[in-house]
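Number of protein chains: 4
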Amino acid sequence: MEAKESCGVVGIISSEPVAVKLFYSMRTLQHRGQESAGMAVFQDGVSCVKGMGLVHEIFKKDDLQKLGGRAGIGHIRYSTSGESALHNAQPVVVSTAYGDIALGHNGDIVNADVLRKELHQKGWAFITTSDSEIIVRLLANAISESGDVVGALKSVMRMLVGSYSLVILVNGEVYAVRDPYGVRPLCIGRLPKGFIACSESVAVEILDGTFLRDVAPGEIIRLGKTGIKSYRGAGSRNPAHCMFEWVYFSRPDSVLQGRNVFRVRGNIGEILAKECPVDADMVFPIPDSGRAFAIGYSTESGIQFREGLIKNRYVERTFIMPEQEEREASVMLKLNPLKYLVKGKRVIVVDDSIVRGTTMRKIVQMLKSSGAKKVHLRIGCPPIIAPCYFGIDMKTRDQFIAAEKNLKGIAKKLAADSVGYVSIDGLVKAIGLPRKSLCLGCLTGEYPMAVPGEKQREQRSLNGFAKY
Amino acid sequence: MEAKESCGVVGIISSEPVAVKLFYSMRTLQHRGQESAGMAVFQDGVSCVKGMGLVHEIFKKDDLQKLGGRAGIGHIRYSTSGESALHNAQPVVVSTAYGDIALGHNGDIVNADVLRKELHQKGWAFITTSDSEIIVRLLANAISESGDVVGALKSVMRMLVGSYSLVILVNGEVYAVRDPYGVRPLCIGRLPKGFIACSESVAVEILDGTFLRDVAPGEIIRLGKTGIKSYRGAGSRNPAHCMFEWVYFSRPDSVLQGRNVFRVRGNIGEILAKECPVDADMVFPIPDSGRAFAIGYSTESGIQFREGLIKNRYVERTFIMPEQEEREASVMLKLNPLKYLVKGKRVIVVDDSIVRGTTMRKIVQMLKSSGAKKVHLRIGCPPIIAPCYFGIDMKTRDQFIAAEKNLKGIAKKLAADSVGYVSIDGLVKAIGLPRKSLCLGCLTGEYPMAVPGEKQREQRSLNGFAKY
Amino acid sequence: MEAKESCGVVGIISSEPVAVKLFYSMRTLQHRGQESAGMAVFQDGVSCVKGMGLVHEIFKKDDLQKLGGRAGIGHIRYSTSGESALHNAQPVVVSTAYGDIALGHNGDIVNADVLRKELHQKGWAFITTSDSEIIVRLLANAISESGDVVGALKSVMRMLVGSYSLVILVNGEVYAVRDPYGVRPLCIGRLPKGFIACSESVAVEILDGTFLRDVAPGEIIRLGKTGIKSYRGAGSRNPAHCMFEWVYFSRPDSVLQGRNVFRVRGNIGEILAKECPVDADMVFPIPDSGRAFAIGYSTESGIQFREGLIKNRYVERTFIMPEQEEREASVMLKLNPLKYLVKGKRVIVVDDSIVRGTTMRKIVQMLKSSGAKKVHLRIGCPPIIAPCYFGIDMKTRDQFIAAEKNLKGIAKKLAADSVGYVSIDGLVKAIGLPRKSLCLGCLTGEYPMAVPGEKQREQRSLNGFAKY
Amino acid sequence: MEAKESCGVVGIISSEPVAVKLFYSMRTLQHRGQESAGMAVFQDGVSCVKGMGLVHEIFKKDDLQKLGGRAGIGHIRYSTSGESALHNAQPVVVSTAYGDIALGHNGDIVNADVLRKELHQKGWAFITTSDSEIIVRLLANAISESGDVVGALKSVMRMLVGSYSLVILVNGEVYAVRDPYGVRPLCIGRLPKGFIACSESVAVEILDGTFLRDVAPGEIIRLGKTGIKSYRGAGSRNPAHCMFEWVYFSRPDSVLQGRNVFRVRGNIGEILAKECPVDADMVFPIPDSGRAFAIGYSTESGIQFREGLIKNRYVERTFIMPEQEEREASVMLKLNPLKYLVKGKRVIVVDDSIVRGTTMRKIVQMLKSSGAKKVHLRIGCPPIIAPCYFGIDMKTRDQFIAAEKNLKGIAKKLAADSVGYVSIDGLVKAIGLPRKSLCLGCLTGEYPMAVPGEKQREQRSLNGFAKY
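Just so you know, the sequences run in chain order A, B, C and D.
So that you can map any letter, position 48 of the first sequence is 48 in the working numbering, and since no number is skipped, the others follow by simple counting.
So that you can map any letter, position 459 of the second sequence is 459 in the working numbering, and since no number is skipped, the others follow by simple counting.
So that you can map any letter, position 279 of the third sequence is 279 in the working numbering, and since no number is skipped, the others follow by simple counting.
So that you can map any letter, position 12 of the fourth sequence is 12 in the working numbering, and since no number is skipped, the others follow by simple counting.
Read the hints as simulated data drawn from the structure, not as lab findings.
Keep in mind it's a predicted model, so treat the numbers as computed, not measured.
Please note that a few of the clues may not be correct.
Any copy, or any two copies together, can satisfy a pair, since identical chains are not distinguished.
Below, a list of computed lysine-lysine pairs in the DSSO-like style, where the Cα atoms sit at most 30 Å apart [said to hold, decoys possible]:
{"id": "1", "residue 1": "K193", "residue 2": "K455"}
{"id": "2", "residue 1": "K408", "residue 2": "K362"}
{"id": "3", "residue 1": "K193", "residue 2": "K368"}
{"id": "4", "residue 1": "K154", "residue 2": "K413"}
{"id": "5", "residue 1": "K61", "residue 2": "K311"}
{"id": "6", "residue 1": "K117", "residue 2": "K154"}
{"id": "7", "residue 1": "K274", "residue 2": "K339"}
{"id": "8", "residue 1": "K66", "residue 2": "K395"}
{"id": "9", "residue 1": "K339", "residue 2": "K429"}
{"id": "10", "residue 1": "K61", "residue 2": "K408"}
{"id": "11", "residue 1": "K311", "residue 2": "K339"}
{"id": "12", "residue 1": "K395", "residue 2": "K413"}
Generate the whole structure from the sequences, applying the supplied hints.
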């Protein structure tokens, strides 16, 4: 239940105004970021509205109705690079010789600092601290040389190392671009009157659209009013889809690379029950993040499913006192054990993942002081032992409870009677894609791309887009 | 999942400052109302802070630290009478010959208009349109005559018809008062350094307190730093606890009249499975209101529990366009069926209750268009056919889908293959209290108190506080 | 230039909607108070909108257009009694047997605490701490006895001691009431389609209305759509019009008791030049409060008029640091001497009045360090030596620089070469009304009404309304 | 009294923190722009705070105390180029190979579009629509080539055509740059512990600093903690100081090019009295813009000075209804004639300038309907007949009342009995600088620089900085 968010992107082209459509799609992607949001639409030039907060707080009826274009992009942001401020909110819009270009980015450019330094040496000056400005200005520069958007995109993709799912609005056209590893999700759909590219399939459904397919790693797609066109953007490699999208990020009702997120979580729960069985009176989730896993665990183990922790749905993240005492109270404000249910019982508590473990320890303590006889933790993600460089806010090694502890030590630290994680093999099996097509960097310390100071996993070049 | 909220009250006396304690208690009661909140503390005189919005939005660190008193009350409001505005936010504070008096009220005074008219005739002028001003001014008037708070409370209780759980702050003392029928909940607890009266037991727990007992119908309790004192406030009757507190209002982790809310809901689900069985592939809830019922239904029926509808946790109630189209979209924004799960399946959907049924119809339609073969609705509350006069915002008969329809007609109207409600007997059994000690007015049209134009159920006077 | 504000009232009846009219009138009276404002209009019942801040910040187009009534009152507030908060903003609206009553009050009720205590003893409870609640509830009580608004107003006027200019909205009628001494201004005008009562004549003019006359001391006026009706409300006495309305409060373009404010200030300046002549190179005002006086001084003395101090029109009262250093800077931010003009010159600086003198001292110092050879202060109001109990925020004796000092001592304290005040006789002559018809309490320590602990000036009862 | 604003800049270097100093300086320059403001300070890197609104609304105590640097710049903006939004607020901060650079700009770059197009062709992409981004990015580019700030500034100055007073913060140093014509003001001063560059001398005085001198046209100045250093930035020409800075923009207490603004306005008034005499009973200003002129007119003509129009100081620019009716009312809300004074009189009304004349017409009408027998207008600025391209928001010819009318026609259009403007020669004489060192473009249609489609006045190259 710890926050580890990313960003979300949408691009729409239609024969009708797109602002309201963008608005609804963006709301379905709100779970991917709550810091800021913005949309840019094209009509003659590009108009852009951005703000801090949730989508429905930023865009008002009047704004949306004024934004009259038939092509547009939207972005939902949880800061992973660049200071957290309106200044860095996306889309980034620039004026160029080729007209206004707007860009929204989900991911993390590993070589951003290197690129920025190189460009500084050429006399470039950057107004924001975001990766997105680098990308869009490289793009503008490349277009001015080649006069061709797709060609320019290809050359920019050759420069970038990292994860990126991009939506780009240029001259009334919308492009969707996914990095050669396909780390962050990106898919396309057909709308009643147009086309959409977006982070997750739910954003297609809300507009009564038809999900078409995921954008392939390294693919460039141009959305047109009457059809879409695909280009190979970068020599493709083994894909490296972030396993965390299934475990935590994406909405349960999304389908990524053909795998429904809720179903994957249920699978994990079932495998977890096989891998880490324990005798107990009931199994229940940390609400709401652990629920799908817990149902799977219950189904496989035959141990009855219950709800032993009640969530206070009105507790926001803003607390008035930053002290320790406050944070202790905050867990209690957010979650409360059902005493009558757990008293004297051996309980299995299931959650999606553990990063630091501080919250989990408090939950176990609450359950114990509510009378639980045994508290067994079962976790739907293998131990996280290494940082993420591709879009998740886990950057330093010393924060991970699992980094240097064995299971017994972790259980002790968490005050639990036992701790069980799904294995990496189990996770891979639950997702149902080949292990080599997933990014497991935070679980293994081996990364699909070259990250300074980190180990890169073995690579194999592929011909054509990755297939599996 | 339709909103039918009430209010929440807290009163605390302690040897330490109470403002932060009130703050935490009020946050645990936030589900009882989100319109406005306020607290009043006593130190020399009464200081009061009120505002529109959620508790954590209204009270800032500085406010709470400035409020230095050792006795105070808090109120969380969802407007049931009086216009919705800061003007009518509670607590109401008045200056009297006896010092400042502050009062917070959960409930609905049935004879408020009659009382207001009588008092108008005596030359009284009212500044607010709330019942609470009537109560507190009658109280001030009575105290000036008797010079005795408890005596005055008794005389005011004799005048009031309706539901009321009150917390009152007068001269550094806190009183908790519950109407003779005990319609709305009110309980007391011991804190590490003081005492608390509050709407639900969760507000005791968050302060590391010990739940003591419910306030009895008709009881007046005075909280002191070293103990509590009980007075019989009104000749007691058969209690009439609102069944909706277990079905919907109260938090699952609260215990009302000795009955844990989540457990009652599970019981209802089990009884519902017995009363309205149906062959199906899975059972799932409308999240989150139907979950406890659905788990009970699954346990009893042996039909597997699933989560077939995914809730978007970031969708607020504020929508930008009030049109029909918007509202249709809003259900989809909030809930999305898991297509892979429901496709080709016979599903049982469980929710707590149906009032108007408009949302439910849309949910059924979404499930059908996601491929569900059969959709059976099972409802944890018997058909609502009559208004509530005691604190729930259901005032007109023509809004109820159940008011004039048989089950078949309702199913048709909801586009469902079948609809099943728990029976009144089943509900009563699930709660575990005698039928005669519950208010079932909205289910039967017979009310525990005289309501103009409505039928009153048979009464029996009791000696002493109601026991069961 | 020190702030010593009061309140403003307006009441309008028309055959057209009055909300926008009230809005404009209230804006012309904004100088009488900037803390909060409110308006109440009658249509079936009374609707009231109030807020903190300036008139144009509080009332939005939509509010005003929604407020559909043909009768209404408005109030602009600078807190003189009651805590400063929205809670105490006016108009105060109450529901009574006689319908809703709304009241706006400019003035100060001297016996408010005595009345409140008496009413407390009768069991009354007050929701606000304002005088206005006392007045309106006494009124409601009196109406319920007599069934007659005018009769009730008379009986309430008999109970009140203090200053009050009231506008009252009851059952679609607007009443204007002025205390028996006429301390605060109140006048009436004819509008193109109705009638208006308001604090100052400028509020008539902005609506293209025709000023009719001042409301007489002790008079009750009922505004009707086709005419006005006058009642004698209280046995009248010598009037006691606050001299400060001409000196400081009222707008220069207003006419009070037949005396134009700007002209009175010019007269004072001329008399001041006769009473306190001094040889100098130029005369200039503290902008903008002293300008009219300075022009008069220049005209009479023949010493050339200049602008030696430049005002920064964007300096608001909000400063970021409350420390002394900050306040020093704040005077400099607000006023800056024209060095080229004052250097080496003997200057006469004219202002309307001095209360504490702290700002004046800083101004003199700035002029000296800008090179002024001599700085002579000339003040358009005689020395203030006693508190005001009738609506000006000067309540404690020890704040007055003039209370215990002779002119030489004052000049020294203000770092000036000389200080000259207009005499009381000069002031009275400049206003042009008989001395006995003015309230000079803050200048003489003798008050027109009985104030506990203060000396009352000789009274003489009059028959009929005061004439002069 | 029509708004025709510009921007303001400040740069400070000190041995103490500069944020609070910038704050005070910026407040004294608030009259130069009220749309947005920002400051950037250097400590390790550059921190920047910007916002919409007035200086004291944007910067809070906490912000200022957190901003710890010893060098910084501030900017106050009234939009003259670029859309009006936070997005375009200044300072603009960029990261470069040379560290962060922040820039604040007052002026208008005539060839901005040309430059932008050229740079677009080179592949540059711009994030804002402001001239300032062009300047700062050209500067960054130039520094990366030369490695030398002053050299880079010189090369950028060679590219720019237009008016610019710049403050630049780079690597803890502050540079002040003024365009070769010195169109907009810029001066330097010594502070108790450092140095300041700012738009007007008042910003030096508020910090207890000593005014040193104006920055020369084409000069680059580097502020250091212990001294300042001057560089010749551009081959200088005849200066072209904007005459409107004396007539309207600058504060009366500022001194520009050695000429005190208030004194210049007084001079104009005197000359106006000589050039356009008329027999009348009194002379008064449109407050506050016309006051200095009117005093001068009165002094020279011997006609008595009065205040015949009273200004409502609380009327903001925000009006609730954009319709014509509203705007009519708005003039009345803002200004009210003193009827007693003007009735039956021949009055001379003096103002600084007329652009469109719509407001002036309403004022004349108000005076006439207040009974004025004759209304003669006297204007302290010669007729404006051509657009400004150097920083004033007068861009289209057809808005000027004077563009195609003779004096009689103008008087008729303004409903006045006569209109008199000061002559260009009179204006030049009043300022006291050689005609050739002033920009009179809006009066003559001949501009000091090449403006596409406009006539350029004769130029003469100078050696060294301009002297006169």
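Each hint, compared with the structure:
Taking the shortest alpha-carbon separations for K193 and K455, neither the intra-copy value of 47 Å nor the inter-copy value of 53 Å comes in at or below 30 Å. When the C-alpha separation of K408 and K362 is checked against a cutoff of 30 Å, the pair qualifies only within one copy, where the shortest distance is 18 Å, while the shortest distance between copies is 49 Å. Taking the shortest alpha-carbon separations for K193 and K368, only the inter-copy value of 24 Å comes in at or below 30 Å, while the best intra-copy value is 56 Å. For the homomeric pair K154 and K413, neither the shortest alpha-carbon distance inside one copy (49 Å) nor that between copies (55 Å) is at most 30 Å.
In the homo-oligomer, the alpha carbons of K61 and K311 lie at most 30 Å apart only across protomers (24 Å), although the nearest pairing inside one protomer, at 33 Å, exceeds that limit. Taking CA atoms no more than 30 Å apart as the test, K117 paired with K154 passes in both settings, with 21 Å inside one copy and 25 Å between copies. For the identical chains of this complex, K274 and K339 are neighbours both inside a copy (28 Å) and across copies (27 Å), given an alpha-carbon limit of 30 Å. Taking identical chains as interchangeable, the C-alpha atoms of K66 and K395 lie at most 30 Å apart only when they sit on different chains, with a minimum of 27 Å there against 41 Å within one chain.
In the homo-oligomer, the alpha carbons of K339 and K429 lie at most 30 Å apart only across protomers (22 Å), although the nearest pairing inside one protomer, at 36 Å, exceeds that limit. Proximity of K61 and K408 under a CA criterion of 30 Å is satisfied in neither setting, with 55 Å inside one chain copy and 40 Å between copies. Both within a single protomer and between protomers do K311 and K339 lie at most 30 Å apart by alpha-carbon distance, with minima of 14 Å and 26 Å respectively. Proximity of K395 and K413 under a CA criterion of 30 Å is satisfied intra-copy only: 22 Å inside one chain copy versus 54 Å between copies.
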